[in-house]
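Given chain R, put chain H in place with the hints provided.
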Amino acid sequence: MEQILAQAKRVAEEAEVFIVSSEETPVQFEANRLKHIQSKQSSCVALRIIRDGKTGYATTTELGDSQNLVNAAVETAQFGTIAKFELPSLTRYPEIEVFDPEVESVSIEEMVKLGQELIATVRGHTPDIVCEAGVSKEIISVHIINSRGGQANYRQSVFGLGIEGHLIRDTDMLFVGESESSCHPLTETKAVTEVVLQQLELAKNRASVSSKPLPVIFTPRGVASALILPLMAAFNGKIVLEGASPIGNRLGQPVFDEKLWLWDDSTIAYRPESRPCDDEGIPSQRTPLIEQGRVTNFLYDLQTAALAHTRSTGNGTRSGGGLPTPSPSAFIIKPGDTTFDEMVNDIKEGLVIEQLMGAEQGNILGGDFSGNVLLGYKVENGKIIGRVKNTIVSGNIYQLLKQIIAIGSETKWVGGFIQTPPLYYPNLSVAAK
Amino acid sequence: MTNTQAIAHQLAEVLTRYSADYLEARLEESQSSYITYRGRELDSIGRVSAIGGNVRAMVKGAWGFVSFNNLNELPGRVELAVKQAQFAGSEESQLAPVEPVVDILSTEPDKNPVVIPLAEKKQLLDEYNDIIWRTPKLQTSMIGYGDSYKKVIFLNSLGSYIEQDRADVILRLTAVATADHEVQQAVLSLGSRGDFSLIQGLHQPVEQMARHAVELLSAPQVKGGEYTVVLDPVLAGVFAHEAFGHLSESDFVYENDRLREIMTLGRKFGGSQLNIVDNATMPGLRGSYKYDDEGVPATKTYLIREGKLVGRLHSRETAAKMKEKPTGNARAINYHYPPIVRMTNTYIEPRSASFEELIGDIKEGIYVKNWYGGTTSMEMFTFSAGEAHMIRHGKLAEPLRAVVLTGNVFTTLMNIDGIGNDLKMNQGGGCGKGEQVPLPVANGSPHIRIRHCLVGGR
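As you go down the protein sequences, you meet chains R and H in turn.
Residue 101 in this note's numbering sits at position 101 of the first sequence, with consecutive numbering throughout.
Residue 312 in this note's numbering sits at position 312 of the second sequence, with consecutive numbering throughout.
Check before you lean on any hint, since a few could be wrong.
[To be verified] Straight-line distance between alpha carbons at most 25 Å, and here's what the computed PhoX-like set of lysine-lysine pairs gives: (1) H:323 x R:35; (2) H:321 x H:60; (3) H:424 x H:111; (4) H:369 x R:35; (5) H:321 x R:433; (6) H:223 x R:402.
What the hints contain is simulated information worked out from the structure, not anything from laboratory work.
Same shape as in the complex, but just chain R (with noise of 0.2 Å):
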């Protein structure tokens, strides 16, 4: 890599090489019988060049190839955007946990053994479900190093269990599932399986719902599928630079209800998106977005930040290998003091929405989401009494995180990237078969 620095620089005024390998095992059932077991390796070296003042960028995954690869780079600097930004010199990054050596001596049988419990404890309450699972552990391991000094080096450990059930019934299918992810080697399965059997319990009996205005609670998972999105674009500096966030002239102003507060932070020590610095080699911090309904704070990378006249907030992230681009690490919502029980005892005649098909389908930077409700639950005189089907609910995020009755008190990580608790709002509207 030191190679590939060395005859950059000679063409170019600043170089900076990324270079990214892992080794990642998967372990799949399916139809409720083990089926897959593989191994996958990768890697893959990037190139970032400033030559002229304007970026060059490039990618491999063969190691030994650099002349080719700095050609790339330089073909492309001559319309490359111009660089506005200076890589960073050797820095001293915080100490962030991320890596745990246990993970990768888990073994196979460990990594089977929990995959059939997982099967095992959904199938002894619902035998004829029809069940997939996987069990994965990965290493990665992260090099950065630029023509200022710079220099990065880190390795990860991501170990993983899911579950996905398919119980079908005539033409009524239902699907349940949880998953869970750790820089630990996981090693109890109760934590997802308690999830997908009181799915099952809640979604036993049938529901309907009319088409109207109706109080809904977002359970965490549903928070996820419906209203993450959005904001995970609004908060974008990019997007804010460019003038389509909705929220992007409003830092410091009162933009949603007073009990929302949401962070986005990749310090937690032991969480997969967790990280000591970003793909540019910017340390890592917890970045405050909504303090008390306020908008506090954008996510930035280097470029985008210098062209915004602001810091990097460490958020720099090569997703599929491409130049480094502000994305969230991880977006936490602040829990509130309602339970989830307080918040169903309190609705007359409403819904309870686990799962969302479709919201991302929408106008996302408009904050316009419509989705049919995948799992959802109907809550009458403040018991949840069955699933319904066929629904279709559709609002818009900056209406509805402005009059948030209230927000729970149970957090949960869900999908690795996002930790919420369930939120619990007064008229979404419904269409319904």
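Frame of chain R; chain H shown alone:
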């Protein structure tokens, strides 16, 4: 002979040495380039090159799979895949028999979009961006262009050796308009099997898209409820893909007895006008190929004929377990992943109705065009329209904001009561399944009319 070809020939010999029920390997070399714009300025431009491969082994009904982009020590990787499969396997291996194939498909280097100079690609995108920015009230724009060219060598323990290549071009343009904290966007999405000329000359549609984003700011949102809807060929193609295509992928069905009962051949899903087809043998589309990623020749498969379920999409394993013929639908997005059952070019066959006939007797309905996306849970699905208009008394009326439609596969297909005569294939989308996204596919349909379709709204 290239280095990768030489490695493949050595590997062919290695594959015969191990005692697995079945072994295969894929080696890939790819190049790609991309250019993105955000707002007026170019945002990123880059080149990517990659080499990689995988080995897949089947022992006693289970699979071992090893992927890598270091082509050294391949015998060790074959051994690991076999060991993994041996560890997992406990039943009988079943794969539908196919003839070994040795075929080296002549490459078409003139269809390689990656070698077109970046300056030429940038010139075209600059023209489109200028058009977008000439539109009054426009806040910003996004353009994503990407192309790729890859060569794949497939070999297996039956003695197959296939060299194929694939080129791909995608272009997605987004115009964003704002007013008083309101943000609206319009999207144009296109693709081709490597033919750069298919994304040239789009100046007029780009201008329309930008104007549409501004129009949406003053358009009302539809009231949620059931409507008669007419879908344009683009959205109807997405509908065919989401509403039925995914359910016909047999890997979801083959080991689930309940689903096999539901998906019995002959079951009625729609009216007698309805034919839905998946066809990888159509020339030159993004879902087209000669052999799938298990070395099985591509086919044209009727999924629904005259409203009845008549076929489904298979890998060799799902075909054997369901005692049907393989259809050549096992596809992998790249060497990191094993092939799974996927669609190719999926479409509703045209009938005789004109557009005027379809909307003529609708008192109040919605005309939906273009797409943002679609997704399915097999039984229920959603798909969203980039453009929508009310239909009033048989005529197109005021524009509406983007709408999301939802349906249930067991009722919505039955509610199709009009199929147009104007089949068009759309190549602007990519299909996602599990982690493997976006896979190049094409969808198509003529205009169709659906009664009692559930639409989200205020």
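Practice item. If any of the earlier hints don't hold here, list their numbers in rising order. Key: Going through the list in order, the structure violates hints 4, 5 and respects the others.
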